[in-house]
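So the protein sequences, as listed, match chains A and B.
Position 120 (the first sequence) corresponds to 120 in this note's numbering; numbering is contiguous.
Converting from the second sequence to this note's numbering requires adding 161 to each position, the first position being numbered 1.
Don't take each hint at face value.
Said to hold, decoys possible - To give a feel for the contact side, a few chain A residues facing chain B, derived at Cβ under 10 Å: (1) P52; (2) V53; (3) F62; (4) T82; (5) L90; (6) R98.
What the hints contain is simulated information worked out from the structure, not anything from laboratory work.
Note that the Cβ used here is the ideal one computed from N, Cα and C, for glycine as well.
Read off the chains here:
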Amino acid sequence: MIVVTTAEAIIAARQEKPTREQMIPLLQEIQAAEGFISPEAMFLVAEALETPVSRIYGVATFYNQFRFAPLGEHVIELCRGTACHVKQSLALAQHLKRRLKLRDDGNSADGRYTVISVACLGACSIAPVVKLDGEFYGHLTTEKLDGLLDEVEAANDEAAA
Amino acid sequence: MNHSELMTPCCTRCRHTAATPCADVIACVDHGPICHEEDACRQERAARLERARRGGDGMLLYVGAGTCGRANGALTVIEKMNAYFERRGLRVPIIETGCVGYCQREVFVDLVTADGVRLSYCDLSPETTDEFLQTMFGDGQLHNRFLLGRYDDPDDLYRGVTPIGDTPFFARQTKVVLANCGVIDPASLDAALAAGGFRAAAKALATMTPAEVCDEVIASGLRGRGGAGFPTGRKWKVAYDQARSQKYLICNADEGDPGAFMDRAVLESDPFRIVEGMLIAAYAIGATRGYVYCRAEYPLAIERLSEAIRQCRAAGLLGRNIFGALVDFDITIKMGAGAFVCGEETAILASIEGGRGMPRPRPPYPAVSGLHGCPTVLNNVETLANVPAVLDKGADWFRGLGYGEAAGTKVFALSGRVRNTGLVEVPVGIPLREVVYDIGGGAPAGHHIKAVQIGGPSGGCIPDEYLDVATDYGTLQELGAMMGSGGMVVMDERSCMVDVAKFFMEFIRGESCGKCTPCREGTTRMYEILSELTERPVGDDLRRLERFRGILHLEELAETVKETSLCGLGQSAANPVLSTLRFFRDEYEAHVMESECPAGACTGLRVFDIDPELCTGCALCAKNCPSGAILGKRKFAHSIIVDRCTGCGACADSCPKQAVLAVA
Numbered sequence: 001m002i003v004v005t006t007a008e009a010i011i012a013a014r015q016e017k018p019t020r021e022q023m024i025p026l027l028q029e030i031q032a033a034e035g036f037i038s039p040e041a042m043f044l045v046a047e048a049l050e051t052p053v054s055r056i057y058g059v060a061t062f063y064n065q066f067r068f069a070p071l072g073e074h075v076i077e078l079c080r081g082t083a084c085h086v087k088q089s090l091a092l093a094q095h096l097k098r099r100l101k102l103r104d105d106g107n108s109a110d111g112r113y114t115v116i117s118v119a120c121l122g123a124c125s126i127a128p129v130v131k132l133d134g135e136f137y138g139h140l141t142t143e144k145l146d147g148l149l150d151e152v153e154a155a156n157d158e159a160a161a
Numbered sequence: 162m163n164h165s166e167l168m169t170p171c172c173t174r175c176r177h178t179a180a181t182p183c184a185d186v187i188a189c190v191d192h193g194p195i196c197h198e199e200d201a202c203r204q205e206r207a208a209r210l211e212r213a214r215r216g217g218d219g220m221l222l223y224v225g226a227g228t229c230g231r232a233n234g235a236l237t238v239i240e241k242m243n244a245y246f247e248r249r250g251l252r253v254p255i256i257e258t259g260c261v262g263y264c265q266r267e268v269f270v271d272l273v274t275a276d277g278v279r280l281s282y283c284d285l286s287p288e289t290t291d292e293f294l295q296t297m298f299g300d301g302q303l304h305n306r307f308l309l310g311r312y313d314d315p316d317d318l319y320r321g322v323t324p325i326g327d328t329p330f331f332a333r334q335t336k337v338v339l340a341n342c343g344v345i346d347p348a349s350l351d352a353a354l355a356a357g358g359f360r361a362a363a364k365a366l367a368t369m370t371p372a373e374v375c376d377e378v379i380a381s382g383l384r385g386r387g388g389a390g391f392p393t394g395r396k397w398k399v400a401y402d403q404a405r406s407q408k409y410l411i412c413n414a415d416e417g418d419p420g421a422f423m424d425r426a427v428l429e430s431d432p433f434r435i436v437e438g439m440l441i442a443a444y445a446i447g448a449t450r451g452y453v454y455c456r457a458e459y460p461l462a463i464e465r466l467s468e469a470i471r472q473c474r475a476a477g478l479l480g481r482n483i484f485g486a487l488v489d490f491d492i493t494i495k496m497g498a499g500a501f502v503c504g505e506e507t508a509i510l511a512s513i514e515g516g517r518g519m520p521r522p523r524p525p526y527p528a529v530s531g532l533h534g535c536p537t538v539l540n541n542v543e544t545l546a547n548v549p550a551v552l553d554k555g556a557d558w559f560r561g562l563g564y565g566e567a568a569g570t571k572v573f574a575l576s577g578r579v580r581n582t583g584l585v586e587v588p589v590g591i592p593l594r595e596v597v598y599d600i601g602g603g604a605p606a607g608h609h610i611k612a613v614q615i616g617g618p619s620g621g622c623i624p625d626e627y628l629d630v631a632t633d634y635g636t637l638q639e640l641g642a643m644m645g646s647g648g649m650v651v652m653d654e655r656s657c658m659v660d661v662a663k664f665f666m667e668f669i670r671g672e673s674c675g676k677c678t679p680c681r682e683g684t685t686r687m688y689e690i691l692s693e694l695t696e697r698p699v700g701d702d703l704r705r706l707e708r709f710r711g712i713l714h715l716e717e718l719a720e721t722v723k724e725t726s727l728c729g730l731g732q733s734a735a736n737p738v739l740s741t742l743r744f745f746r747d748e749y750e751a752h753v754m755e756s757e758c759p760a761g762a763c764t765g766l767r768v769f770d771i772d773p774e775l776c777t778g779c780a781l782c783a784k785n786c787p788s789g790a791i792l793g794k795r796k797f798a799h800s801i802i803v804d805r806c807t808g809c810g811a812c813a814d815s816c817p818k819q820a821v822l823a824v825a
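Chain A with its partners taken away, still in its complex shape (with noise of 0.2 Å):
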């Protein structure tokens, strides 16, 4: 039986062969359906480009998009833009860091939260905003991310039960 991967599928479902211009867009899907790139997606990649795996990774690495480690159950996306700075974003910021106890690539201890800093997620008029699995959240305090989090812990020990 051969088990072809996700990254092996959106490959070959292109019609033609894809040229350097068509780099970018594949990574893109592969991270859209398998959450992050791999070395064996980024070698897929290299071969089907017929480009060196080296100019693949320099790509990926550059742009802020691509991750690199599996997300974590929940994803927070953290805007820190000028907006939300002036409201206080960067003492949000810490709070999760040491609430969820990230590590440096943004994931928590227990790999269940992955925290995400963007730059800016363009809904500066509810500032400070955080987009918790993919809901926006506007006017944050301290005290209200973390009623945010308990209802999420809540939840997941809910579901466990």
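On the provided structure of chain A, position chain B as indicated by the hints.
Okay, now just chain B, sitting in the frame of chain A:
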């Protein structure tokens, strides 16, 4: 509405299809049919136009569901409304619209009454939806606390209600780019056509030569709205003059400036305007292929634009032989992958070609040699959004909109410590004070405005005393700031200007592509110096001396980075530093000489102390301290080692007795 009624034949005599385009197809929308006389057809077309203008027949609702509307719960509001109408067996269509710009008062809900008047309501939220529905539809009270104003009311049926254009937030605005935002259905070609869409494109392609289009845009004085402000028409003329068969038009929708969301709003709320602007630009320069480079962080914008392109293709407004004028043009959307530098022209080219977004030296300029070595014009979203109006109403009209010599309008994203946050469109040259105080409403109660940051990470801070400056390219540059893309962040006395400079430098240094030494090394070093300034000088005397020396070099370093960097990112990287040094030198001096932050914002300069009278020795603070700076025995008063304290405040946050206080 996915199917365009207005572009559908009225009878078998009507010949327009995407494959067999008719040059009069847009004129027919307004006063067709043109190719034959038939009362039934005339009435049919008039009914279609009215339906498209309203959004449908009968009573209906528009809900502002752009990204910030959604962030305020717009989709939940819609869900609740639908459930309410279903329970009562009422049929009230709800149309998702874009952003009207008054973000402070979202969620916006507009009612189109059966007699066709549009009333605008605001301050809605998932929590207040039930109250709104009961008042409006249960009690029939259209005048209620949510009512803001009314749109066109030719028969003055609601004369007690303020016209929306006279309400304080909108009274001083001049809407050109934002004219349709939050008003029309962004997913409907018919709504765009009914609002005047593609008149200008039809006029340009059918009655003007490309050179004439370039000249009209030059005469209008339209300048690039992405920040650099280069005269748009002149850029087009350069590309027009190139004798190459393949040319490209790229819409720069990367909008990387933190605090800027003008382009996002236009793409989400009026995407057909951008398609039209691109079509006209492509015609002017002779481009057959277009790209929109849009940042991936704008999924709704990409969705709306994709749908708009699809509908335009189906109607023959994109593709081959558009309007029968032998013009081929189509658009591909390219998603950015998260790189601020990819807002720079040549970096976009590198990214589209499939590589790291690293700028290249210019000349050659993209208009001469750009994508794949072909003549390429790159224009910002807002620049292109102005093009249809310029062609439709003329260069003189556009020139007349600005104050004095300035031409046109500019959209600003007003945010920060100001009462009314949102998008404002004002004539170029308006005094900045009017924007911040009269439209923005000034500082929240109990605070006063210290500075207005304008131009994003490439811009500068204008102190309150200088706010009478005209918001124009030249005048802002004289004050060390720049127009930029339109981000305008208001800061009050709670902001530390050294911290602001550090914030921007951290951002820029993270986004530096690394290609040229001045930017790569210079931004890192400037960030280090600013970081040291915002932290207490612990350690030995040599360390303190280093810190002091850094400050002396900061200005010279900033000038060097500015003069010698390869691209605009590096060349403007030092602006926030130079700008704050110019107007807020006293704050820098306090940080250097006294290790004090006058605004009280730099947590790194705080020192905490535990009151031994209140401390019960529970040790919660010690447990939460990230630096191991708290010592003590359980049940006995604890103390903080000042040299280890980073001022984060975790101890103060966790103390149940409020025994921990900041003392410096």
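Going through the earlier hints one by one, which of them does the structure break, listed in rising order?
1, 2
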